[in-house]
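Read off the chains here:
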Amino acid sequence: MFAEENGLKGDPRLRAISEAIRVVPHFPKQGIMFQDITTLLLNHKVFKDTVDIFVDRYRDMDISAVAGVEARGFMFGPAIALGIGAKFIPLRKPRKLPGEVISEKYVLEYGTDCLEMHVGAVQPGERALVIDDLVATGGTLSAAIRLLERVGAEVVECACVVGVPEVKGHRGLNGKPLYVLVEPREIENGFSDG
Amino acid sequence: MSDYRDEDPRIHGIRTKIRVVPNFPKPGIMFQDITTLLLDPKAFKDTIDLFVERYKGKNISVVAGIEARGFIFGPPIALAIGAKFVPMRKPKKLPGKVISQDYTLEYGRDRMEMHVGAVEAGDRALVVDDLIATERVGAEVVECACVIELPELKGREKLNGKPLYVLLEYYPEA
Chain A
1 MFAEENGLKG
11 DPRLRAISEA
21 IRVVPHFPKQ
31 GIMFQDITTL
41 LLNHKVFKDT
51 VDIFVDRYRD
61 MDISAVAGVE
71 ARGFMFGPAI
81 ALGIGAKFIP
91 LRKPRKLPGE
101 VISEKYVLEY
111 GTDCLEMHVG
121 AVQPGERALV
131 IDDLVATGGT
141 LSAAIRLLER
151 VGAEVVECAC
161 VVGVPEVKGH
171 RGLNGKPLYV
181 LVEPREIENG
191 FSDG
Chain B
1 MSDYRDEDPR
11 IHGIRTKIRV
21 VPNFPKPGIM
31 FQDITTLLLD
41 PKAFKDTIDL
51 FVERYKGKNI
61 SVVAGIEARG
71 FIFGPPIALA
81 IGAKFVPMRK
91 PKKLPGKVIS
101 QDYTLEYGRD
111 RMEMHVGAVE
121 AGDRALVVDD
131 LIATERVGAE
141 VVECACVIEL
151 PELKGREKLN
161 GKPLYVLLEY
171 YPEA
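Residue numbers (the numbering used here), protein chains in the order written: chain A, 1 to 194; chain B, 1 to 174.
No wet-lab data here; the hints were simulated from the structure.
Even glycine gets a Cβ: it sits at the ideal position worked out from N, Cα and C.
Do not rely on the hints blindly, as some may be mistaken.
[As the list claims (entries may be wrong)] Chain A residues, not near chain B, derived (Cβ > 10 Å throughout): (1) 8; (2) 48; (3) 60; (4) 103; (5) 136; (6) 146; (7) 150; (8) 154; (9) 177.
[Claimed, not checked] DSSO-like mimics (lysine-lysine), calculated; alpha carbons at most 27 Å apart, straight line: (10) 105/A <-> 92/B; (11) 45/B <-> 26/B; (12) 96/A <-> 58/B.
[Unchecked claim] FRET-style restraints, in silico, Cβ to Cβ: (13) 53/B <-> 59/A: 18 to 28 Å; (14) 31/A <-> 161/B: 39 to 49 Å; (15) 165/A <-> 22/B: 47 to 57 Å; (16) 49/B <-> 31/A: 25 to 35 Å; (17) 186/A <-> 160/B: 40 to 50 Å; (18) 163/B <-> 184/A: 34 to 44 Å; (19) 31/A <-> 27/B: 44 to 54 Å.
All chains should be modelled from the sequences, with the hints used to inform the complete structure.
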């Protein structure tokens, strides 16, 4: 679900968030209009508003764990975790985490990749949130959900700053709700860089 | 020139939350795993608070964090002190125009990149978790800040005289 249709209709922060994201055409390859959130991080007020919107949504949902997907999920997840008093769990590419891990494979456009989580990071019955900067196909988020569910955690929701319109009206990912702040932008408004 | 805060009562709690993983990523290395610190909301908050208390009100306009663990500590600090956050990334991850800095590791070299325009001349920067050459764009690196120092590795000698602030030190058992 998009924030605009979910209690934040007309919220001026959403427009500012959308405009703070830089669109980089043809990255990482031809045809892709990359949604670059690093420009959002350069704007303190907009970055704070982004985190505040998520914190306001999740603070009373009894969430004890925020799992962030490497690497851009790390830029938003910890601040949200701190804001709601939850722990932060990094979900990482293979061989980065030093302790015992569980792994979950997922499918890319060409080939597969793998996401890992430390054993013991989350306990059965804990309520968890998954964070990433953007959701497109949902492959990465689905892998994240499976990792958490495999150890008995309950994934309450997945949250992203940007989500493609196709996720609107979906039942979500693996049946889990998805909460998104803004849609990807094209570059007609002139705010872009190559 | 540099400082560490083991008098503050919060430091003990933080220290006990860091897990040491022997022989990772290779034999002989005692890896300082901060993910266990992140699992304790109070200890994680205390870590951030200690840095924020030091840097708030010092006119720091940029917090730069190195991929990937610098992305975990840097943004909360940046948000709390009113600074922008700039990710320093491995090659080819940043989508826009970048400047690069090569650096040497124990074995071999690596390269770090930053977006052009992220940091500007006159910015006062805090680097979290590692050193970077933001001086190349005319910013002033005010200090480097880390959760943990391994003093035996003498990393602070590589900082060209830049102050280093750490929360705690780790000495391997003799």
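Hint by hint, here is what the structure shows:
1. Remark: the non-interface label on residue 8/A is consistent with the geometry, its nearest Cβ contact in chain B lying 20 Å away (cut-off 10 Å).
2. Not every CB of chain B is more than 10 Å from the CB of residue 48/A (nearest about 6 Å), against its label as outside the interface.
3. With a least beta-carbon separation of about 16 Å from chain B, residue 60/A lies farther than 10 Å from that chain, consistent with its non-interface assignment.
4. Every Cβ of chain B is farther than 10 Å from the Cβ of residue 103/A; the closest lies at roughly 16 Å, confirming the non-interface assignment.
5. At the 10 Å boundary, the C-beta of residue 136/A stays outside the reach of chain B, the nearest C-beta of that chain being 15 Å off.
6. Chain B leaves residue 146/A outside its interface by the beta-carbon criterion, the shortest separation being 20 Å against a cut-off of 10 Å.
7. Every CB of chain B lies more than 10 Å from the CB of residue 150/A, the least distance being 18 Å, so the non-interface label holds.
8. With a least CB separation of 17 Å from chain B, residue 154/A remains clear of the 10 Å interface cut-off, as annotated.
9. The Cβ of residue 177/A lies farther than 10 Å from every Cβ of chain B, with a closest approach of about 24 Å, so its non-interface assignment holds.
10. Proximity of residue 105/A to residue 92/B is assessed by CA-CA distance (about 23 Å); at most 27 Å being required, the pair is judged to hold.
11. Restraint check for residue 45/B and residue 26/B: not satisfied, since their Cα atoms lie roughly 31 Å apart, outside the 27 Å limit.
12. With a C-alpha separation of about 34 Å, the suggested pairing of residue 96/A with residue 58/B is violated against the 27 Å cut-off.
13. The supplied range of 18 to 28 Å is met by residue 53/B and residue 59/A, whose beta-carbon atoms lie about 24 Å from each other.
14. Between residue 31/A and residue 161/B the beta carbon distance is about 48 Å. The supplied range of 39 to 49 Å therefore holds.
15. Take residue 165/A and residue 22/B: their Cβ atoms lie about 49 Å apart, and the range 47 to 57 Å holds.
16. At roughly 45 Å, the beta-carbon separation of residue 49/B and residue 31/A lies outside the given 25 to 35 Å, and the hint is violated.
17. Checked against the hint of 40 to 50 Å, the C-beta distance between residue 186/A and residue 160/B comes to roughly 44 Å, which is consistent with it.
18. The hinted range of 34 to 44 Å is satisfied by residue 163/B and residue 184/A, whose Cβ atoms lie roughly 42 Å apart.
19. In this structure the hint that residue 31/A and residue 27/B lie 44 to 54 Å apart at CB holds, the actual value being about 45 Å.
Checked against the numbered hints given earlier, this structure breaks hints 2, 11, 12 and 16; the rest are met.
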